[in-house]
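Residue numbers (our numbering), protein chains in the order written: chain A, 435 to 891; chain B, 435 to 891.
The hints are simulated quantities; they were obtained by calculation from the structure and are not laboratory data.
Heads up, a few of these hints could be off.
Here are the computed lysine to aspartate or glutamate pairs in the EDC-like style, where the Cα-Cα straight-line distance is at most 16 Å [said to hold, decoys possible]:
#, chain 1, residue 1, chain 2, residue 2
1, A, K440, B, E445
2, B, K602, B, E445
3, B, K440, A, E507
4, B, K865, B, E803
5, A, K835, A, D692
6, B, K682, B, E450
7, B, K835, B, D692
8, A, K840, A, D692
9, B, K602, A, E859
10, B, K841, B, E687
11, A, K833, A, E524
12, B, K440, B, E687
13, B, K833, B, E524
14, A, K440, B, E507
15, B, K835, B, E524
16, A, K440, B, D446
17, B, K682, B, D446
18, B, K840, B, D692
19, B, K440, A, E445
20, B, K440, A, D446
21, B, K440, B, E686
22, B, K833, B, D692
23, A, K602, B, D877
Pairwise CB distance ranges, derived in the manner of DEER restraints [claimed, not checked]:
#, chain 1, residue 1, chain 2, residue 2, range
24, A, E836, B, Q561, 32 to 42 Å
25, B, E878, A, R623, 48 to 58 Å
26, A, E686, B, P469, 54 to 64 Å
27, A, E836, B, G864, 26 to 36 Å
28, A, K840, B, T589, 26 to 36 Å
29, A, Q873, B, A526, 38 to 48 Å
30, A, R623, B, Q601, 51 to 61 Å
31, A, K682, B, E625, 57 to 67 Å
32, B, K564, A, I722, 16 to 26 Å
Just so you know, these numbers come straight off a predicted model, no measurement behind them.
Beta carbons are placed, not taken as given, at the ideal position from N, Cα and C, and that holds for glycine.
There are 2 protein chains.
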Amino acid sequence: MSTRNKIHLREDQLPEAWYNILPHLPNQPAPALNPQTLQPVGPADLEPIFPLEVIRQEYSPDVWVPIPEPVREVYKLWRPTPLFRARGLEKALDTPAAIYYKYEGGSPSGSHKPNTAVPQAYYNQQQGVKRITTETGAGQWGCALAFASQHFGLTCEIYMVKVSYEQKPYRRVLMNTWGADVYPSPSNRTESGRRILAADPDCAGSLGIAISEAVELAAQSPDTKYSLGSVLNHVLMHQTVIGQECIKQLDEENIIPDIVIAPFGGGSNFAGISFPFLHMNLTKGTNIRCIAAEPTSCPKLTRGVFRYDFGDTAGFTPLLPMYTLGHDFVPARIHAGGLRYHGAGAIVSQLLKDKLIEAQAVDQISAFESGVLFARTEGIIPAPEANHGIAVAISEAKKAKEEGRKKTILFNLCGHGHFDMSSYEAYFSGKLESHELSQAEIDEAIGKLHTPEVPAQ
Amino acid sequence: MSTRNKIHLREDQLPEAWYNILPHLPNQPAPALNPQTLQPVGPADLEPIFPLEVIRQEYSPDVWVPIPEPVREVYKLWRPTPLFRARGLEKALDTPAAIYYKYEGGSPSGSHKPNTAVPQAYYNQQQGVKRITTETGAGQWGCALAFASQHFGLTCEIYMVKVSYEQKPYRRVLMNTWGADVYPSPSNRTESGRRILAADPDCAGSLGIAISEAVELAAQSPDTKYSLGSVLNHVLMHQTVIGQECIKQLDEENIIPDIVIAPFGGGSNFAGISFPFLHMNLTKGTNIRCIAAEPTSCPKLTRGVFRYDFGDTAGFTPLLPMYTLGHDFVPARIHAGGLRYHGAGAIVSQLLKDKLIEAQAVDQISAFESGVLFARTEGIIPAPEANHGIAVAISEAKKAKEEGRKKTILFNLCGHGHFDMSSYEAYFSGKLESHELSQAEIDEAIGKLHTPEVPAQ
Numbered sequence: 435m436s437t438r439n440k441i442h443l444r445e446d447q448l449p450e451a452w453y454n455i456l457p458h459l460p461n462q463p464a465p466a467l468n469p470q471t472l473q474p475v476g477p478a479d480l481e482p483i484f485p486l487e488v489i490r491q492e493y494s495p496d497v498w499v500p501i502p503e504p505v506r507e508v509y510k511l512w513r514p515t516p517l518f519r520a521r522g523l524e525k526a527l528d529t530p531a532a533i534y535y536k537y538e539g540g541s542p543s544g545s546h547k548p549n550t551a552v553p554q555a556y557y558n559q560q561q562g563v564k565r566i567t568t569e570t571g572a573g574q575w576g577c578a579l580a581f582a583s584q585h586f587g588l589t590c591e592i593y594m595v596k597v598s599y600e601q602k603p604y605r606r607v608l609m610n611t612w613g614a615d616v617y618p619s620p621s622n623r624t625e626s627g628r629r630i631l632a633a634d635p636d637c638a639g640s641l642g643i644a645i646s647e648a649v650e651l652a653a654q655s656p657d658t659k660y661s662l663g664s665v666l667n668h669v670l671m672h673q674t675v676i677g678q679e680c681i682k683q684l685d686e687e688n689i690i691p692d693i694v695i696a697p698f699g700g701g702s703n704f705a706g707i708s709f710p711f712l713h714m715n716l717t718k719g720t721n722i723r724c725i726a727a728e729p730t731s732c733p734k735l736t737r738g739v740f741r742y743d744f745g746d747t748a749g750f751t752p753l754l755p756m757y758t759l760g761h762d763f764v765p766a767r768i769h770a771g772g773l774r775y776h777g778a779g780a781i782v783s784q785l786l787k788d789k790l791i792e793a794q795a796v797d798q799i800s801a802f803e804s805g806v807l808f809a810r811t812e813g814i815i816p817a818p819e820a821n822h823g824i825a826v827a828i829s830e831a832k833k834a835k836e837e838g839r840k841k842t843i844l845f846n847l848c849g850h851g852h853f854d855m856s857s858y859e860a861y862f863s864g865k866l867e868s869h870e871l872s873q874a875e876i877d878e879a880i881g882k883l884h885t886p887e888v889p890a891q
Numbered sequence: 435m436s437t438r439n440k441i442h443l444r445e446d447q448l449p450e451a452w453y454n455i456l457p458h459l460p461n462q463p464a465p466a467l468n469p470q471t472l473q474p475v476g477p478a479d480l481e482p483i484f485p486l487e488v489i490r491q492e493y494s495p496d497v498w499v500p501i502p503e504p505v506r507e508v509y510k511l512w513r514p515t516p517l518f519r520a521r522g523l524e525k526a527l528d529t530p531a532a533i534y535y536k537y538e539g540g541s542p543s544g545s546h547k548p549n550t551a552v553p554q555a556y557y558n559q560q561q562g563v564k565r566i567t568t569e570t571g572a573g574q575w576g577c578a579l580a581f582a583s584q585h586f587g588l589t590c591e592i593y594m595v596k597v598s599y600e601q602k603p604y605r606r607v608l609m610n611t612w613g614a615d616v617y618p619s620p621s622n623r624t625e626s627g628r629r630i631l632a633a634d635p636d637c638a639g640s641l642g643i644a645i646s647e648a649v650e651l652a653a654q655s656p657d658t659k660y661s662l663g664s665v666l667n668h669v670l671m672h673q674t675v676i677g678q679e680c681i682k683q684l685d686e687e688n689i690i691p692d693i694v695i696a697p698f699g700g701g702s703n704f705a706g707i708s709f710p711f712l713h714m715n716l717t718k719g720t721n722i723r724c725i726a727a728e729p730t731s732c733p734k735l736t737r738g739v740f741r742y743d744f745g746d747t748a749g750f751t752p753l754l755p756m757y758t759l760g761h762d763f764v765p766a767r768i769h770a771g772g773l774r775y776h777g778a779g780a781i782v783s784q785l786l787k788d789k790l791i792e793a794q795a796v797d798q799i800s801a802f803e804s805g806v807l808f809a810r811t812e813g814i815i816p817a818p819e820a821n822h823g824i825a826v827a828i829s830e831a832k833k834a835k836e837e838g839r840k841k842t843i844l845f846n847l848c849g850h851g852h853f854d855m856s857s858y859e860a861y862f863s864g865k866l867e868s869h870e871l872s873q874a875e876i877d878e879a880i881g882k883l884h885t886p887e888v889p890a891q
């Protein structure tokens, strides 16, 4: 075993194509449906809101989709990203497991999100689009799209969940620094925002509402498109540079991991690291466990229902087959980080339904406890989202110790927590709360859903 | 010319020794003096507050001082750091100059400061020290020492300038996350703090006061030592890994820069990048201009006096020969970032006196204007300190355009601004102020000095 703590790749080892898992799935996800007609949504239906190349990729049957050279050039600002052996954490846990983590926090915006923001901005620019709209919660995605839009000379308009806009001003200032316009959502700038404000002027907002606002604006103007930071196939695919690099890096140590872990919001972080390993499971006979780490306050994978649902609150998006808590589920305000989205992407949902991946829910206090142990042993301050993945990695390393087995555990350290120190402060002062939903709350959230069932395959 | 934007080194190219410029100086700095006896301070005088190896390095006659392997191992968490060609910035400026920047913001604490915090913590641990005390202003240094102390299992006690402690809670939380204890200075925990609070209970604090508190505690207890983040010879030497890496990186492009620029607080940032290039000037006949960028609100290099002065406010430290504004100079509160220290290190002061380096003062608003242009063209959000260096780089690139000359400009992007977004917010909202001291203010500050003149050489 090498004693190297950091495994770096050369720039020329940056992946040349994204991996599209869709053709390899044993069962294809049910098609997205038009909510009015309940007929499958085709590429043409998406043209008002997405650029053509993005739509093509959403439906692509190709296993490998080439990364355009201008996108690779921007990636090279921070990619390939380092893979670390967590020797400090291993020692603190006294575990026989080898723990590795991929660090995506070195990107300009501090998370994995630019991996898809950059190509999306590029394809929009290539098509002559002038303005991109999007939503953001804690702000990781908004920052990434602001950075990417600035790079390709596009105007960027961001609808930020109001409670985050007010409580987390610094990510907003970061977006402003990259030239983006940021509005608290619900806003008065859209029909959907005005409708919600009329019913509840103090509405704290949600990702679903902010998506409605951003999509509404894109649909109204031919030179404006919408960009999504998770859930959809093309977004998940763009993130696969993460896992591809991990495979090359672990290969240098002659290692195939036993377990791959990532935090789970809409699925892009998890897909990014796990899909290239699932590729090995699906085509090369490996048996790597891939575990999605979600918060107990928003547990769509572990306690949600598999059903057609909208991606947004107002119902502008197509109906997607997903594990969901219902499109108007609003997570408790206690939750510090992202991962607050009500549903999971169609591919990831299908993988879970087919038992090709696993999911675990982590409560917020355990997540921060794990994050602080990580910071003290490895030096990097993780984002609250990342803490959920770290908690699962620690739990699996402890199991390895109980079992006396030398497992290799890999997790995605998807971003740094530099803009989340108020959450750490709350944790240290005992003010951070955990929230586990009661079965009645889950039943109530899901009971409101009147969307179609996903037909059995 | 290569089209690569990022020049990376392999881990095995990490420098194996620090560069000590002292033996190469044409004129040695005058010795530090004991303030009571006015006799030169010898190594033994420093033993109560520094570990032996640090003292040895402070006086070392060796040109190259080997970096211990355990220190190199920690360096490898983020070193070698990347060197970027600023093509986006060059394009925006339409300059014939090639602009390169070394990015030190990828360290765990986000600046160049761990380059010296790590060896200092290591040498203390080796000597059996249990606790390190230090001061911090904006928090960059405190974070670095908290991280390094945590790594080597030492207790870390940090005196943070009160106005920063109150206005910048997030760097404090970062220090807490790495297990350090942070106190607002002046505090009631030391004699010097109590004396100042008795005279002025609302005292906002200064670096000089915080140094007095930290040094006082170290002097009282044999298992406690003090650690300084700039000014002294050993600190500057530890930072030379920066410039050494730059030389290797530029060498890959067959480039010797015309101009090397860094922000200037006490000198460690500037020394880190410039001393290895000054080594070339002093021993190989190159003529590289090295420019220190200081704030107009604390202009010791451009408007201060060359004289013996204390490193702290209370007068606990030896008298050092330095460019200074006087040890009780308190910069205007308007200033957002670091660089607020009253004096410059002895070596850097001697270099300036001998006209081997240059200095320029930058006002705060110009600095932020430059920083925002940089963020929008290069993607990285710079620390306010770093913005001063960027401003000088931009000014030199504009001169190159006027002169129609293809110069190569290198600057040290010493840290990211993730914990300084409130300053960016102030800049965007027009609330950020610049402050240029009047001649009367300068005269008043310097007029208070009753310390000895430095004898002519």
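The hints, checked one at a time:
no. : hint                        : verdict
1   : A:K440 - B:E445             : 9 Å, holds
2   : B:K602 - B:E445             : 35 Å, violated
3   : B:K440 - A:E507             : 10 Å, holds
4   : B:K865 - B:E803             : 13 Å, holds
5   : A:K835 - A:D692             : 14 Å, holds
6   : B:K682 - B:E450             : 13 Å, holds
7   : B:K835 - B:D692             : 14 Å, holds
8   : A:K840 - A:D692             : 10 Å, holds
9   : B:K602 - A:E859             : 12 Å, holds
10  : B:K841 - B:E687             : 14 Å, holds
11  : A:K833 - A:E524             : 13 Å, holds
12  : B:K440 - B:E687             : 11 Å, holds
13  : B:K833 - B:E524             : 13 Å, holds
14  : A:K440 - B:E507             : 10 Å, holds
15  : B:K835 - B:E524             : 11 Å, holds
16  : A:K440 - B:D446             : 12 Å, holds
17  : B:K682 - B:D446             : 12 Å, holds
18  : B:K840 - B:D692             : 10 Å, holds
19  : B:K440 - A:E445             : 9 Å, holds
20  : B:K440 - A:D446             : 12 Å, holds
21  : B:K440 - B:E686             : 11 Å, holds
22  : B:K833 - B:D692             : 13 Å, holds
23  : A:K602 - B:D877             : 44 Å, violated
24  : A:E836 - B:Q561: 32 to 42 Å : 39 Å, holds
25  : B:E878 - A:R623: 48 to 58 Å : 53 Å, holds
26  : A:E686 - B:P469: 54 to 64 Å : 57 Å, holds
27  : A:E836 - B:G864: 26 to 36 Å : 60 Å, violated
28  : A:K840 - B:T589: 26 to 36 Å : 34 Å, holds
29  : A:Q873 - B:A526: 38 to 48 Å : 57 Å, violated
30  : A:R623 - B:Q601: 51 to 61 Å : 33 Å, violated
31  : A:K682 - B:E625: 57 to 67 Å : 58 Å, holds
32  : B:K564 - A:I722: 16 to 26 Å : 44 Å, violated
Hints 2, 23, 27, 29, 30 and 32 from the earlier list are contradicted by this structure; the remaining hints agree with it.
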